[in-house]
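**Student:** Given next are the chains, with one letter for each unit.
Number of protein chains: 2
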Amino acid sequence: MKNNNLVDLGEFGLISRIANAARSGRGVVTGIGDDAAVTALTSGMQLLTSTDMLLEDVHFRRCWHDPYRLGRKSLAINISDIAAMGGIPRWATLSLAIPADMPLDFLDEFTRGFLAMAGEHGVALIGGDTCSSKQGLVISVTIIGEQLPELILRRSGARPGDEIWVTGTLGDAAMGLKLVERGEGEEYLLNRLLDPIPRTTAGIVLAGSGQVTAMIDVSDGILGDFGHIAELSGVGGIIRLADLPLSPQFRAAAAGLPAFPHALALSGGEDYELCFTAHPDGREKIIALMKKCGIEAAPVGIVTSSPEVAVLDANGQPFHQSHQGFNHFVS
Amino acid sequence: MKNNNLVDLGEFGLISRIANAARSGRGVVTGIGDDAAVTALTSGMQLLTSTDMLLEDVHFRRCWHDPYRLGRKSLAINISDIAAMGGIPRWATLSLAIPADMPLDFLDEFTRGFLAMAGEHGVALIGGDTCSSKQGLVISVTIIGEQLPELILRRSGARPGDEIWVTGTLGDAAMGLKLVERGEGEEYLLNRLLDPIPRTTAGIVLAGSGQVTAMIDVSDGILGDFGHIAELSGVGGIIRLADLPLSPQFRAAAAGLPAFPHALALSGGEDYELCFTAHPDGREKIIALMKKCGIEAAPVGIVTSSPEVAVLDANGQPFHQSHQGFNHFVS
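Listed in order, the protein sequences are those of chains A and B. For the record, in the first sequence the residue sitting at position 282 is 281 according to numbering that gives the first Met the number 0, with numbers rising by one throughout. For the record, in the second sequence the residue sitting at position 18 is 17 according to numbering that gives the first Met the number 0, with numbers rising by one throughout.
Mixed in with the good hints, there may be bad ones.
To give a feel for the contact side, a few chain A residues facing chain B, derived at Cβ under 8 Å [claimed, not checked]: (1) THR29; (2) ILE31; (3) THR50; (4) ASP51; (5) GLU108; (6) SER132; (7) THR141; (8) LEU231; (9) GLY233.
Read the hints as simulated data drawn from the structure, not as lab findings. A virtual CB, placed ideally from N, CA and C, is assigned to each residue, including glycine.
Whenever a hint applies, use it, and build me the whole structure from the sequences.
**Tutor:** Here's what the structure looks like:
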């Protein structure tokens with residue numbers, strides 16, 4: 000058997016191929032190969048579970064996304080959800096529905112990328128499912144993490160007077176998408192779109208800092224995602240447009256556009272940065288802790304008791320835009 | 000907003016609709032609505048994790064499968080994997096990729112079925128993902144269960160001389176599929192196909208019995224699935240064709256066929272019964288325990304030290320067939 004295509008390899012061959020590439024990890028008692036994986040939680044910790052599904056031509060296009068970075072991103076966006084709770088990512092399952100004509104090289108590269116991301120963040124692949132798809136590739140990942148109950152950060156703890164923070168820079172992935180749609184390519188921005196880095200360490204450090212009152216990852220744009228914090232915390236907020244952290248590459252790309260693309264930074268999506276709230280007294284400590292993690296974090300607004308989330312421009316005037324983040328089923 | 004279709008409802012509306020229908024469950028600290036669900040494992044137990052993906056026109060057809068039973072089955076086949084480890088099912092995630100024109104009624108009925116199955120087996124829905132599909136419905140479920148480490152039953156513990164057991168009856172779902180493909184309908188057999196009942200209680204009782212050396216759920220036919228036990232235990236086995244438990248409905252449907260369909264019972268798939276091995280000394284205890292669970296269990300063969308799995312007919316002669324269970328990508 001040559002094993003150079005999926006039909007020769009078969010389902011169990013493919014599972015073996017992935018299982019052989021996966022290494023065991025902390026807490027894994029029985030990994031891939033039984034009816035269910037057996038894992039052991041660290042004593043005293045609670046479980047964190049999240050899941051994401053990616054569909055070809057809905058979430059990604061094979062003509063843009065090389066399989067290695069697609070594998071990385073499939074796991075990264077899940078790890079980001081654990082980071083958003085201040086959790087430690089531990090174990091993942093990976094289900095793939097695969098078009099019968101898909102080259103095995105694509106799957107090997109995808110798996111290599113997935114497992115590289117797993118290794119970088121201490122995640123073990125413990126199970127999954129493979130089946131044939133009559134249409135495009137479907138990727139479904141579930142991640143399990145853990146954390147001490149008292150350190151877990153939810154969306155619901157923001158208090159009026161807290162500052163609104165964000166890590167890294169915003170809008171890079173959305174700008175990258177704009178470029179890739181035009182067939183242009185600026186490496187940094189494209190990489191921010193195709194190979195996001197989940198803020199695992201920052202999330203854990205923020206959870207341990209005792210300063211943070213609420214946290215979320217920015218996947219649909221800070222305006223929409225802070226909106227979730229506001230809704231669940233029963234608060235509102237003011238976001239200062241001029242304070243949104245932007246990369247030099249974003250600014251350079253923006254210079255070529257007819258108008259400055261504030262909307263990409265506010266609600267462009269796929270930033271996978273952390274947005275969190277903290278009492279102003281914690282400002283110096285947070286900046287110092289984030290510096291130790293090798294990333295920047297910036298206060299970009301303030302939590303209010305009003306139920307609304309407003310954006311103010313550089314002159315302190317309300318900034319309006321219609322689009323409030325990506326919403327499936329709504330055009 | 001009328002909320003009578005998916006476009007009006009939108010992604011967040013759909014999530015709310017499902018979340019509102021889901022009830023909390025044991026060990027659920029924070030359910031649907033944050034970046035990750037927070038759950039608490041029972042002290043001293045280990046985690047069991049499994050996942051399955053179902054694709055329209057690969058695993059099910061909407062013209063056969065009503066949404067209520069499709070919702071039930073989507074979770075049931077996952078619960079069955081936890082049962083196969085002797086585990087207690089606890090929490091599930093549900094991801095759906097949904098065609099934009101899908102009636103909301105279908106999704107409501109699907110959710111009602113999923114949650115009914117969840118309620119019957121003590122499972123809480125703790126999270127998921129929804130997105131739009133350009134093609135058919137895609138369902139991805141991940142289940143998390145728990146069990147004391149010393150009670151978990153794997154595929155790898157079978158020893159030569161052990162008896163091979165199976166719960167319930169075999170081949171009903173495969174016969175049901177044959178009927179539904181012909182447009183015929185025998186209610187019992189169709190229900191075995193469309194609404195399988197995972198053997199949760201039997202699995203937990205067998206785990207606690209101290210009698211069972213290995214266990215698996217029969218999803219691809221007992222021949223192939225006992226083959227997994229044999230492979231991971233480094234043993235072989237003999238399965239006695241005449242001892243395979245068959246329902247009266249299966250026998251009645253078989254009477255109308257040109258030849259007796261042994262292959263449906265041996266490797267027809269989707270039985271979702273438990274196949275397990277145990278020392279012959281435990282026979283009476285096992286029968287008594289299964290009776291308490293309200294199900295039958297029957298010894299159907301013997302574990303051997305030879306590496307092969309053989310099937311013997313009623314005369315003790317080798318029975319041959321080519322098809323050894325369903326394998327994706329292989330026609």
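**Student:** Please go over all the hints and tell whether each is borne out by the structure.
**Tutor:** Consistency of the hints with the structure:
At about 6 Å, the closest approach between the beta carbon of A:THR29 and any beta carbon in chain B falls short of 8 Å, and the interface hint on this residue holds. With 8 Å as the threshold, the beta carbon of A:ILE31 stays out of range of chain B, its nearest partner Cβ sitting at about 11 Å, so the hint is violated. Because the smallest distance between the Cβ of A:THR50 and any Cβ of chain B comes to about 4 Å, under 8 Å, the interface hint for this residue holds. Hint status for A:ASP51 relative to chain B: holds, with the closest Cβ pair at about 5 Å, below 8 Å.
Annotation: interface hint on A:GLU108 violated; nearest CB of chain B at approximately 18 Å, more than 8 Å. With its C-beta approaching chain B no nearer than about 6 Å, A:SER132 sits inside the 8 Å limit, and its interface hint holds. Residue-level restraint check for A:THR141 holds (minimum Cβ-Cβ distance to chain B is 4 Å; threshold 8 Å). With 8 Å as the threshold, the beta carbon of A:LEU231 comes within range of chain B, its nearest partner Cβ sitting at about 7 Å, so the hint holds.
Among the interface hints, the one on A:GLY233 is violated; its C-beta lies about 14 Å from the nearest C-beta in chain B, farther than the 8 Å criterion.
When the structure is compared with the earlier hints, violations turn up for hints 2, 5 and 9 and for no others.
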